[in-house]
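Engineer: Listed below, chain by chain, are the residues.
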Amino acid sequence: MATLGDYLIVSGLLFTIGFAGVLLRRNIIIIFMSLELMLNAANLSLVAFSRFRVGADGLPNYNAQVFVFFIITVAAAEVAVGLAIIVALYRARQTTHVEDISSLKF
Amino acid sequence: MQAFSMSVSAWYVLLLPLFSAATIILFTRRAGGVSSIVSVGAAIIGFLFSCAIFASPNTSALELTWIDIRPYLEVPLGFILDDLSKTMLVLVTGVGALIHIYSLGYMRDDAGKARFFAGLSLFMFSMIGIVLANNFVMMFVFWELVGVSSYLLIGHWFERDSAADAAKKAFLTNRVGDFGFMLGILMVWAATGTVVFSEIAGKMSAITSHPGYLTATALLVFCGAVGKSAQFPLHVWLPDAMEGPTPISALIHAATMVAAGVYMLVRVGFLIQASPQALLVIAWIGTITAVIAGLMATQQNDIKRILAYSTLSQLGYMIMAVGLASGEAAMFHLFTHAFFKALLFLGAGSIIVMLHHEQNIWKMGGLAGKLRLTFVTFLIGTLALIGCPPFSGFFSKDAIIGLAYEKNGFIFALALFTAFLTAFYMGRLVLVVFFGNARSENAAQGKESPWVMTGPLLVLAVPAALAGFGFFASRFLPLPHAGEENNVVRFLPTAVMLGGVALAFFLYRNRESDPLDLALFRRRFYIDELYRWLIDATQERLAAIAAFVDRWIVDAGGVGGASGATWGVGSLLRLFQVGNLQAYAFLFGLGLIGIIYFTVFQ
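Read top to bottom, the protein sequences are chains F and V. Just so we're aligned: 10 in our numbering is position 10 of the first sequence, and the numbers increase by one with no gaps anywhere. In our numbering, each number is its position in the second sequence, counted from 1, plus 106.
In case anyone wonders, no lab produced these hints; they're calculated from the structure. Glycine included, each C-beta is placed from N, C-alpha and C at the ideal position. A portion of the hints provided could be inaccurate.
Computed spacing ranges between beta-carbons, pair by pair [to be verified]:
id, chain 1, residue 1, chain 2, residue 2, range
1, F, Tyr62, V, Phe692, 36 to 42 Å
2, F, Ala56, V, Phe692, 22 to 28 Å
3, F, Val54, V, Arg680, 51 to 57 Å
4, F, Ala88, V, Ile659, 56 to 62 Å
5, V, Thr705, F, Arg25, 39 to 45 Å
6, V, Arg657, F, Ile85, 55 to 61 Å
Cβ-to-Cβ under 8 Å is the rule here; a few derived chain V residues that face chain F [to be verified]:
id, residue
7, Val684
8, Gly685
9, Asn686
10, Leu687
11, Gln688
12, Phe692
13, Gly695
14, Gly697
Using the sequences and the hints given, assemble the complete structure.
Structural biologist: This is the structure in C-alpha cells:
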C-alpha cells in the first residue's frame, strides 16, 4: 500500500518537472503544457490528501476533491485564453520561440 | 569748518588718491588726458593738505574701528600723526606730486595712460596708508596694497614678457618677506594682545621678559622690511622692476615704497632695539646688501639698472643704520635719498625718452652739451648720492658711516668700501653717458626734454642739494647726534669718494666700450640662477607629486573609481531585466522557495 507520503513525493516531482519545463523549454506551447503539468501535480496532492484523511464516520473528506474540479475548470479556461494569446502573438511576431519575444516593441 | 578740521584732513589725504583711482577706472578709462588731470590734481591737493597737516601741531585724527573682538583683538583704522609720520607724509606726497607732473610728459604718448595714472593713484593711497597707519594690521593691509600697486605698475607694458615676469617676481619676492612679517605681527599680538603701536610700546615688558621670543619676533618683523626694501636675500626683484616706466622706478623703487621697510622699522624701533642680536643681524644684512649691490652696479650697462643697484646699496645703508640702533640716521638718509634718487631716475627718464627709449649707456655719450638741464640736475643728484660735500647725501651718509665707526669696525670698513664703489660706478655712469663722443644715432640727435619733465627735475634738485644742512633738515627730522670722532675718520668718507671718482675717471674717460669684464658682478653673483635651481628642486618636485596625486589618485581612483563601480554594478543589474520570460520565472521561483523556507522552517 502506498502511503500519503509517497503520493506527495510523486506530486512534488511532477511539480518540479513542470516548473523545470516552464523555465527551460523554448517553445511557448511546450511551456503551457508544463504549466498544466504543474496544475495537475497540485490536483494529485489534493486528491491524495482527500483519500488519506478519513473522517470520523469512516468516509474520506470530499472537500478536496471538489476543489480539484474547480482547478480543472480554471485550468481549462486559462488554456483557452492563453492559446488565444499565443495565436495573437504568433500572428504578430511569426515565432513561437520565447527568447525572440523579449521586448515589448520591435 | 568741521569738515576741514585737522582731525579729518588726514582722511582726505588718504582717500583722495583712492577716489581718483576709482574715478579713472570706473569713468574715464578711455580718456587718457582726463585721467591724467584727475590723478595729478588729486596728488597736488593731497600735497597741499599734507603741508597743512605738517604745519599744524595736531597729533590726533578721527579713528574708526574695523575689527572689534575684545578682549582678543581690536583693530582700529586710525592715524598716527607724530613728527616722523608728518615728515614722511610731506615727503611722499611732495615727491609723488612732482612725479605725477613728470609723468604727464613721460607718458604722453602711451596707450595705457589712464591705467597708468589709476595705478599711480592707487599707489599713493597705499603708501599714505602705510605712513599713517597706527597699528600693525592696518599697516600690513596697506603694505600688501603697495605690493599690488607695484605689480600693476611694473607690468604696465604687460605685452612685454620681461615686464610681466618682472612684475610677478616683484610680487612673489615681496610675498615671501610678507609671510615672515605676518608671523612677526602674530607673535607680537600673541605676547601683548594688541596690535596698535602705542599700546605695544607700553606692553613691551611682556615680550622682553623672553629674550629668545623677542629676537625671533624682531627678526620676523624685519623680514617684511627685507622683502619690501629689497635687502639680501630678497633683493632680486628690484633690478628687474626697472622694466616698468621710469616715473614708477623713481617713485616706487627709489623714493617711497622701498623706503617703507625702513620707515616701518623705525616706527617699531622700540621692538627692534630691545634685542641686540636682532640689531646685529639687521646691521649685517644691510651691510651685505650695500656691498654686493655696489659690486654688481659696477658692471651694469643699463642706466636704470645702475640706478636700481645704487638704490639697493643706499637702502642697505639705511638698514645698516637701523641695525646700529639709530633710527634718526636711517630716516635722515631716507629723506635725502628720496630727493636725489628720484632726481636721478627722472633725469634718466628724461634721457631715455629723448633718445627714443635707449637705455644702454654704451649707446649714449656726449649728452652734456645736448641735454643741458638734465645734465646739470643729474650731476647734482650724483654728487648728492656719492656724498660730495656740501650736498645732502654727504651729511646723511657721513652720519651713518660715523655711526658705524662708533659701533662696529667691520661694518665701518665695509661702509667705506661701499662709498668708494658708489663713487666709482656713478662716476662711470656720468662719464659714459654725458661725456665723450656720441656712440649712436640716437645720442647724436638728443635734445632737451620739454618743461613738464625738466620742471620737476629742477624742483627736486633744490632739496637734493640743500636738504642736508641742519637748518633745513632739523625742521623735519631729529638729526642724528654727531659722535666724537678723530679728524682722520671725519675725512675718510670724502677721501674714498674722491678715490672712487678718480678711478672711474682713469678707467672710463673717452671709452667706446667697457674695459672691465667681471662676469661675477655682471651676472649678479649668479643669485638668480641659484634661486631658479632652488625653486626647481623644491617647488617643481612638490608640484610633480601633487600632479601625480591629482591625476592618478583623485581622478583615476576617486572619480574614476566611483563612476566605474556604478557602471559595473549597473551592467550587472542590467542582466536581470532582459525581457527573457523564463529568467523572470526563474527568479520568481527562487523568491517563492525563499519565502517557503523562511515561513515554514524558521
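Engineer: Would you settle whether the hint for V/Gly695 is holds or violated, based on the nearest Cβ-Cβ distance to chain F being less than 8 Å?
Structural biologist: Since chain F brings a Cβ to about 6 Å from V/Gly695, closer than 8 Å, the hint holds.
Engineer: For V/Arg657 and F/Ile85, compare the CB-CB distance with the range 55 to 61 Å and indicate the outcome.
Structural biologist: About 58 Å separates the Cβ atoms of V/Arg657 and F/Ile85, which means 55 to 61 Å holds.
Engineer: The hint says 39 to 45 Å between V/Thr705 and F/Arg25; measuring C-beta to C-beta, is that right?
Structural biologist: 30 Å, violated
Engineer: Kindly confirm whether 56 to 62 Å is satisfied by the beta carbon distance between F/Ala88 and V/Ile659.
Structural biologist: Holds - the Cβ-Cβ distance for F/Ala88 and V/Ile659, about 58 Å, lies within 56 to 62 Å.
Engineer: Close enough to count: is the Cβ of V/Gln688 nearer than 8 Å to one in chain F?
Structural biologist: With Cβ-Cβ at 5 Å, under 8 Å, it holds.
Engineer: Taking the Cβ atom of F/Ala56 and the Cβ atom of V/Phe692, is their distance within the range 22 to 28 Å?
Structural biologist: This hint is violated: roughly 45 Å between Cβ atoms.
Engineer: Close enough to count: is the Cβ of V/Gly697 nearer than 8 Å to one in chain F?
Structural biologist: 13 Å, violated
Engineer: Against chain F, is V/Gly685 within 8 Å by beta-carbon distance?
Structural biologist: At about 3 Å, which falls below the 8 Å cut-off, the nearest Cβ of chain F leaves the hint on V/Gly685 intact, so it holds.
Engineer: Using the beta carbons of F/Tyr62 and V/Phe692, state whether their distance is inside 36 to 42 Å or not.
Structural biologist: This hint holds: roughly 37 Å between Cβ atoms.
Engineer: Take the shortest C-beta to C-beta distance between V/Leu687 and chain F; is it under 8 Å?
Structural biologist: 5 Å, holds
Engineer: Next item in the hint list is V/Asn686. Is there a CB on chain F closer than 8 Å to its CB?
Structural biologist: Since chain F brings a Cβ to about 5 Å from V/Asn686, closer than 8 Å, the hint holds.
Engineer: Would the stated hint for V/Phe692 survive a check requiring a Cβ distance to chain F of less than 8 Å?
Structural biologist: 5 Å, holds
Violation of the numbered hints given earlier is confined to hints 2, 5 and 14; the remaining hints are satisfied by the structure.
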